[in-house]
Amino acid sequence: MMDRYLPTPSPDPSLEGATFWNWCRKYELRFQKCGACGRHRHPPVPVCRFCGSDDVLWDRAPEGAELFSYTIIHNPVTEALKAYVPYNIAVVSFPDFGVRLISNIIDLPPEKIRIGMPLRLVWQESQDGTPLPLFSGK
Amino acid sequence: MKQISKGTASQACIVGIGETEYTRRGGIVGRSELALACEAICRAAADAGITVSQIDGLSSYANDESVPWLIQESLGLPAVRSATMAWGGGGGGCFASIAQAAAAVRSGAANYVAVFRSLCQGQRKRFGQGYGVPHGPGFLDPFGMFAPPFMLAPIAQRYVYEYGVRPEQVAEIPLSGRANASRNPRAVFRDRPLDLESYLSSRMIADPFRLYDCCQENDGACALIITTKERAEDLDQTAVPILAAGQGLDDGWGSGGLGSHNMPEAEYSTGGGLQLAEELYREAGIGPEDVDTAQIYDHFSHFVLMNLETFGFCGRGEAGDFVADGNIRWPEGGLPINTSGGHLSEAYIHGLNLAVEGVKQMRGISTSQVDGAEICLLANGSSAAILERA
Chain X
18 MMDRYLPTPS PDPSLEGATF WNWCRKYELR FQKCGACGRH RHPPVPVCRF
68 CGSDDVLWDR APEGAELFSY TIIHNPVTEA LKAYVPYNIA VVSFPDFGVR
118 LISNIIDLPP EKIRIGMPLR LVWQESQDGT PLPLFSGK
Chain E
290 MKQISKGTAS QACIVGIGET EYTRRGGIVG RSELALACEA ICRAAADAGI
340 TVSQIDGLSS YANDESVPWL IQESLGLPAV RSATMAWGGG GGGCFASIAQ
390 AAAAVRSGAA NYVAVFRSLC QGQRKRFGQG YGVPHGPGFL DPFGMFAPPF
440 MLAPIAQRYV YEYGVRPEQV AEIPLSGRAN ASRNPRAVFR DRPLDLESYL
490 SSRMIADPFR LYDCCQENDG ACALIITTKE RAEDLDQTAV PILAAGQGLD
540 DGWGSGGLGS HNMPEAEYST GGGLQLAEEL YREAGIGPED VDTAQIYDHF
590 SHFVLMNLET FGFCGRGEAG DFVADGNIRW PEGGLPINTS GGHLSEAYIH
640 GLNLAVEGVK QMRGISTSQV DGAEICLLAN GSSAAILERA
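So the protein lines, in turn, are chains X and E. Counted from 1, the first sequence has number 105 at position 88 by the working numbering; the numbering is strictly sequential. Counted from 1, the second sequence has number 369 at position 80 by the working numbering; the numbering is strictly sequential.
Careful: at least some of the hints might be erroneous.
[Unchecked claim] Here are the simulated SDA-like pairs of lysine to any residue, each with C-alpha atoms no more than 20 Å apart in a straight line:
{"no.": "1", "chain 1": "X", "residue 1": "Lys129", "chain 2": "X", "residue 2": "Tyr101"}
{"no.": "2", "chain 1": "X", "residue 1": "Lys129", "chain 2": "E", "residue 2": "Arg447"}
{"no.": "3", "chain 1": "X", "residue 1": "Lys99", "chain 2": "E", "residue 2": "Tyr450"}
{"no.": "4", "chain 1": "X", "residue 1": "Lys43", "chain 2": "E", "residue 2": "Gly427"}
{"no.": "5", "chain 1": "X", "residue 1": "Lys99", "chain 2": "E", "residue 2": "Cys331"}
{"no.": "6", "chain 1": "X", "residue 1": "Lys99", "chain 2": "X", "residue 2": "Pro24"}
{"no.": "7", "chain 1": "X", "residue 1": "Lys129", "chain 2": "E", "residue 2": "Glu451"}
{"no.": "8", "chain 1": "X", "residue 1": "Lys99", "chain 2": "E", "residue 2": "Asp430"}
{"no.": "9", "chain 1": "X", "residue 1": "Lys50", "chain 2": "X", "residue 2": "Asp20"}
{"no.": "10", "chain 1": "X", "residue 1": "Lys50", "chain 2": "E", "residue 2": "Glu554"}
{"no.": "11", "chain 1": "X", "residue 1": "Lys155", "chain 2": "X", "residue 2": "Ile130"}
{"no.": "12", "chain 1": "X", "residue 1": "Lys129", "chain 2": "X", "residue 2": "Ile89"}
{"no.": "13", "chain 1": "X", "residue 1": "Lys129", "chain 2": "X", "residue 2": "Glu83"}
{"no.": "14", "chain 1": "X", "residue 1": "Lys50", "chain 2": "X", "residue 2": "Pro26"}
{"no.": "15", "chain 1": "X", "residue 1": "Lys50", "chain 2": "X", "residue 2": "Gly81"}
{"no.": "16", "chain 1": "X", "residue 1": "Lys129", "chain 2": "E", "residue 2": "Gly453"}
{"no.": "17", "chain 1": "X", "residue 1": "Lys129", "chain 2": "E", "residue 2": "Met493"}
{"no.": "18", "chain 1": "X", "residue 1": "Lys155", "chain 2": "X", "residue 2": "Ile132"}
{"no.": "19", "chain 1": "X", "residue 1": "Lys50", "chain 2": "X", "residue 2": "Pro112"}
{"no.": "20", "chain 1": "X", "residue 1": "Lys43", "chain 2": "X", "residue 2": "Val139"}
{"no.": "21", "chain 1": "X", "residue 1": "Lys99", "chain 2": "E", "residue 2": "Val341"}
{"no.": "22", "chain 1": "X", "residue 1": "Lys50", "chain 2": "E", "residue 2": "Asp540"}
{"no.": "23", "chain 1": "X", "residue 1": "Lys50", "chain 2": "X", "residue 2": "Gly115"}
{"no.": "24", "chain 1": "X", "residue 1": "Lys50", "chain 2": "X", "residue 2": "Pro24"}
{"no.": "25", "chain 1": "X", "residue 1": "Lys50", "chain 2": "E", "residue 2": "Gly543"}
{"no.": "26", "chain 1": "X", "residue 1": "Lys50", "chain 2": "E", "residue 2": "Gly548"}
{"no.": "27", "chain 1": "X", "residue 1": "Lys50", "chain 2": "E", "residue 2": "Gly541"}
{"no.": "28", "chain 1": "X", "residue 1": "Lys99", "chain 2": "X", "residue 2": "Asp20"}
{"no.": "29", "chain 1": "X", "residue 1": "Lys50", "chain 2": "E", "residue 2": "Pro553"}
{"no.": "30", "chain 1": "X", "residue 1": "Lys129", "chain 2": "E", "residue 2": "Tyr450"}
What the hints contain is simulated information worked out from the structure, not anything from laboratory work. For clarity, every value in this text was computed on a predicted model and none was experimentally measured.
Start from the sequences, fold in the hints, and give me the full structure.
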């Protein structure tokens, strides 16, 4: 059993996010795909901003992800985070889908993190057991 | 050549400014945000030369908790005909609150609108440590993305990556702001000089933001009084015309920096506002070459660089060189910015104190007055305004 990357709150899904997290509970990362024009979007919203359709499919994320941008957090804002800094926050891009996901890279020190690097999806359970989509840079 | 269409009778003008003292976070005790808001509004009314009871409109942003009915109750306003709020938990709506006040007076919905923002952060949760994540609940918190610097740092990181901006260039934002603050007796950091070495050796908060790239957290309030040009002519105070004011999110920015970062790739490292800037200049009938001074939302240094590009003062990716060449330095630079010290060094009243400084520049009374300044831009990536010398 791997330690959690961060002692952060569990997902608190709004109505729009509920389906996203339900898929995560099955260890599947899926994004909304417009049933009419086929374009992907994130975060989940009820209507496609490209074509106006409310026909929604949930499409499994492709294998290929890469680091679009990131930050290294040195300043813990909660007591629980003090032992975890510096930690990274990654903006992970799925070029085939044209969507990005905020996440973390769990296995690289700050100095090894580079924009454009390939990333691989891994899962870690959050405090309430919901699996979180996180990433390996190795 | 500048082509400014002089305002009609219904043009909106800023006729009053009011400020409480500005302190470090927690510096104001025993007084509420409501009390500070009322003080700032009363000072602004006195500055304008109107009675408080003439105020019949209120406008704020960032979900300010001094709600209109409490202000009305506290100030004894006979009528509040317009009460508007630019949505959102951040200061991005600061100049939008001016746009809404301007719209209210131009349309006749209200005669004198007070725009205000009030903060007593020692008495509540700290803005800078994350509350009220506006978009995508559950998509940021589990990954440790709590606070504004964390949410916005990846945009700055990508900007630095794409254009090779160096820390020595970024430093010019806090250093020039601190130099301006040294001349401003109201600035919280007026007696705290800052040099390049201290900047470069300051600790990282959220890479690439160093400590001195991050704005302060403060207590204090400020307010503006906005009315029409026609009414302003009856007042003794100098009226500062609002040539243009607007708010807006560009296409795809709804899930922007405070959300899931799904903005269009080609615009990601602008911080947003390309469409807003274009529309603002069109409404004002001027271009960036006409702007003499700018007050740019400096919550984080890098966003000032991005906004200098977005609002057309230099090309995309060129702001590092632009500021390193001395262009934003008072008094010799061609475009002195954040002449009060800005959020980094005067105080962070979430943008509205930048508007107060813009009015001072247009009245000719800034502590870092830009010689002959006729046009002042107020800007961030989601709202902006252009002021003119009366």
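Now the hints, each set against the structure:
1. Taking the CA atoms of lysine 129 of chain X and tyrosine 101 of chain X, the gap is near 17 Å; set against the 20 Å cutoff, the hint holds.
2. Under the criterion of a C-alpha separation no larger than 20 Å, the hint pairing lysine 129 of chain X with arginine 447 of chain E is consistent with the structure, at around 16 Å.
3. Our distance criterion of 20 Å between C-alpha atoms is broken by lysine 99 of chain X and tyrosine 450 of chain E, whose separation comes to about 28 Å.
4. Restraint check for lysine 43 of chain X and glycine 427 of chain E: satisfied, since their Cα atoms lie roughly 17 Å apart, inside the 20 Å limit.
5. At roughly 44 Å between alpha-carbon atoms, lysine 99 of chain X and cysteine 331 of chain E are farther apart than 20 Å, so this suggested pair is violated.
6. Restraint check for lysine 99 of chain X and proline 24 of chain X: satisfied, since their Cα atoms lie roughly 10 Å apart, inside the 20 Å limit.
7. Between lysine 129 of chain X and glutamate 451 of chain E, the direct Cα distance comes to roughly 18 Å. Compliance with the 20 Å bound is thereby established for this hinted pair.
8. This hinted pair checks out: lysine 99 of chain X and aspartate 430 of chain E have alpha carbons roughly 16 Å apart, not beyond 20 Å.
9. Simply put, lysine 50 of chain X and aspartate 20 of chain X have alpha-carbon atoms about 33 Å apart, too far for the 20 Å limit, and the pair is violated.
10. Straight-line distance between C-alpha atoms of lysine 50 of chain X and glutamate 554 of chain E comes to about 19 Å, which keeps the hinted pair within the 20 Å bound.
11. Annotation: proposed proximity of lysine 155 of chain X to isoleucine 130 of chain X holds, straight-line Cα distance about 10 Å (limit 20 Å).
12. Taking the CA atoms of lysine 129 of chain X and isoleucine 89 of chain X, the gap is near 11 Å; set against the 20 Å cutoff, the hint holds.
13. Proposed proximity of lysine 129 of chain X and glutamate 83 of chain X is supported: the alpha carbons are some 14 Å apart, at most 20 Å.
14. Of the pairs offered as hints, the one joining lysine 50 of chain X and proline 26 of chain X is violated, with about 27 Å between alpha carbons and a cut-off of 20 Å exceeded.
15. Between the alpha carbons of lysine 50 of chain X and glycine 81 of chain X the distance comes to roughly 17 Å, so the proposed pair stays at or under 20 Å and holds.
16. Between lysine 129 of chain X and glycine 453 of chain E the alpha-carbon distance is near 19 Å, which keeps this suggested pair within the 20 Å criterion.
17. Distance check on the hinted pair: lysine 129 of chain X and methionine 493 of chain E sit about 17 Å apart at the alpha-carbon level, within 20 Å; holds.
18. For the hint pairing lysine 155 of chain X with isoleucine 132 of chain X, the CA-to-CA distance comes to about 14 Å; that is within 20 Å, so the pair holds.
19. Under the criterion of a C-alpha separation no larger than 20 Å, the hint pairing lysine 50 of chain X with proline 112 of chain X is consistent with the structure, at around 14 Å.
20. With a CA separation close to 13 Å, the supplied pair lysine 43 of chain X and valine 139 of chain X stays within the 20 Å bound.
21. Between lysine 99 of chain X and valine 341 of chain E the CA atoms are separated by roughly 49 Å; this puts the pair beyond 20 Å, and the hint is violated.
22. Simply put, lysine 50 of chain X and aspartate 540 of chain E have alpha-carbon atoms about 18 Å apart, close enough for the 20 Å limit, and the pair holds.
23. For the suggested pair lysine 50 of chain X and glycine 115 of chain X, the alpha carbons sit about 11 Å apart, so the restraint of at most 20 Å is met.
24. For the hint linking lysine 50 of chain X to proline 24 of chain X, the alpha-carbon distance of about 31 Å lies beyond 20 Å, and the restraint is violated.
25. The suggested pairing of lysine 50 of chain X with glycine 543 of chain E holds, with an alpha-carbon distance near 18 Å, which does not exceed 20 Å.
26. Note on lysine 50 of chain X and glycine 548 of chain E: the hinted pairing holds, with a Cα-Cα distance of about 19 Å set against a maximum of 20 Å.
27. For the suggested pair lysine 50 of chain X and glycine 541 of chain E, the alpha carbons sit about 16 Å apart, so the restraint of at most 20 Å is met.
28. Restraint check: the Cα-Cα separation between lysine 99 of chain X and aspartate 20 of chain X comes to about 16 Å, which is no more than 20 Å; the hinted pair holds.
29. Our distance criterion of 20 Å between C-alpha atoms is met by lysine 50 of chain X and proline 553 of chain E, whose separation comes to about 17 Å.
30. Between lysine 129 of chain X and tyrosine 450 of chain E the alpha-carbon distance is near 15 Å, which keeps this suggested pair within the 20 Å criterion.
In this structure, the hints that do not hold are numbers 3, 5, 9, 14, 21, 24, in rising order.
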